[in-house]
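Protein chains: 2
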Amino acid sequence: MKIAFLGPHASFTQLAAAQLFPEDELLPQASILDCFNAVETGETIKAVVPLENSIEGTVSMTLDYLYKTPSIKIEAEAVMPIAHHLMIHPESTIENIEKIYSHPQALAQSFHFLDNHYKTIAKQDFSSTAAAAKYVSENKELPIAAVANQFAANLYGLKIINRNIQDFEQNHTRFIVISKEQNTYHNNGLDVLGEKSGMLITLPEDHPGGLHQVLSVFAWRKMNLSKIESRTLKTGLGNYFFFINVVGEWQEILHGNALKELESINAEVDFLGTYKEFLLES
Amino acid sequence: MKIAFLGPHASFTQLAAAQLFPEDELLPQASILDCFNAVETGETIKAVVPLENSIEGTVSMTLDYLYKTPSIKIEAEAVMPIAHHLMIHPESTIENIEKIYSHPQALAQSFHFLDNHYKTIAKQDFSSTAAAAKYVSENKELPIAAVANQFAANLYGLKIINRNIQDFEQNHTRFIVISKEQNTYHNNGLDVLGEKSGMLITLPEDHPGGLHQVLSVFAWRKMNLSKIESRTLKTGLGNYFFFINVVGEWQEILHGNALKELESINAEVDFLGTYKEFLLES
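Sequence order for the protein chains is C and L.
Residue numbering for the first sequence follows UniProt numbering, beginning at 1 and increasing consecutively.
Residue numbering for the second sequence follows UniProt numbering, beginning at 1 and increasing consecutively.
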């Protein structure tokens, strides 16, 4: 099966896709839009895109394209702890290094470690952590290192000098698997963290208390929200849709009275699916 | 006055900062963290960072650093319509162009135009739109073009061939001005779109209906929310804080009964300020 993912090769999204789909053909895409287009046109069956906190893509685009492409649903979510490693060419030594390359956000996330241990070494922005690792692998004569992930170190044959140099142990990136049908994603031995349902809710007018009314539908049923995010509609300033995650399986309730309740307050609901949340390795 | 902004030079954030602070010294930073650090350490008085929908930074970082740095407040918000232009070296002609360079998100946002008019010309990812424009300006012998903003065209002396090639006219980027004190930002003749208040709300436990309770405080006062976003706390999975924007000036009410009401449900509130929203040119 063909699976699109937000590239480039050795990106964090590929690290996620390789764990979610170890047996499948992974096709890198240049942008989040390209991932949605691949699924929309049938070029690939599914795609893996970042949902939260990625250093590779502007993740609000994922929500916008979910809104613009109602045929595309979510069939799994995956959480990966962010782990940055400092790596060099295997024929280099760290004492000779004069410059460290990486994506600016990865350098920022490793700021305290690099400041404590490699304060005098220059830092240089690169378009992605993977591209930085590739550049180090192709220029063994240069005195350079890269901050990137384990996958990039393996792919480009680099030697890891310092592991887990990120400042916050508990930082995570979230990814979703999208497809045109709400297929059941077949777990490949990954740990399951829980189950959730996703939906996009549009309110007809920007009226005070509208979101509160929507949340009432879930609150009195004691349903717990694990994510809520408002996004501006492209029709102009001041109109919004909301991405909401509800913990657990609630499709039956949604198609019963909860959906009627949402309709009665003129909310439009695009149900994205009930799906499991998996834990990935970094 | 020194103002930090998320770089590189000729980025969309600089385009915003130059309009917000036309008389001041603008200092580019490599990451959103560096912008917060510049203000925190007093290196600059203020900083301009993206809040929503930027192609340059992972904007969720802005919310995370606002949470981690309680001394930093918001003193203005600015909205800029996204406008991408196709540009070449003034000594080139568009008929000779063989490759178009830009940030992958800018190429994605101009997908339909480029597909309709320059389908056979290769597209190449670059680390930023500004870097792509700079590269075109420095390599006049190469048959290349860039997708970037007006500011980059001016700075690097490029000729704009096609204006406003973005697919959605109504797409916007939002920026905020941060500083350690809730100074009143002095408007430089920019149009004011409205006034809003920002706050971060943390709930002590992940209990069903907690956010609904928080929103009740605003709903029965007929206060309108213009933005809400949940972010995972770095202490582990399943704990959240919320960034909320309320339309209008409500500081008096907050410090009266609304704040007491929020305290009674054990919500922690970090008030970020009441500030104006300005319209920028793209």
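If you are wondering where the hints come from, they were derived from the structure by calculation, not from laboratory data.
Treat each hint with caution, since some may be false.
No distinction is drawn between identical chains; accordingly, a pair holds when it is met within one copy or between any pair of copies.
Derived BS3-like pairs (lysine-lysine); straight-line CA-CA distance at most 30 Å [stated by the list, open to error]: (1) K222 <-> K123; (2) K119 <-> K222; (3) K99 <-> K2; (4) K99 <-> K222; (5) K260 <-> K276.
Inset, instruction - List in ascending order the numbers of the hints, as given earlier, that are violated by the structure. - result: 1, 2, 4
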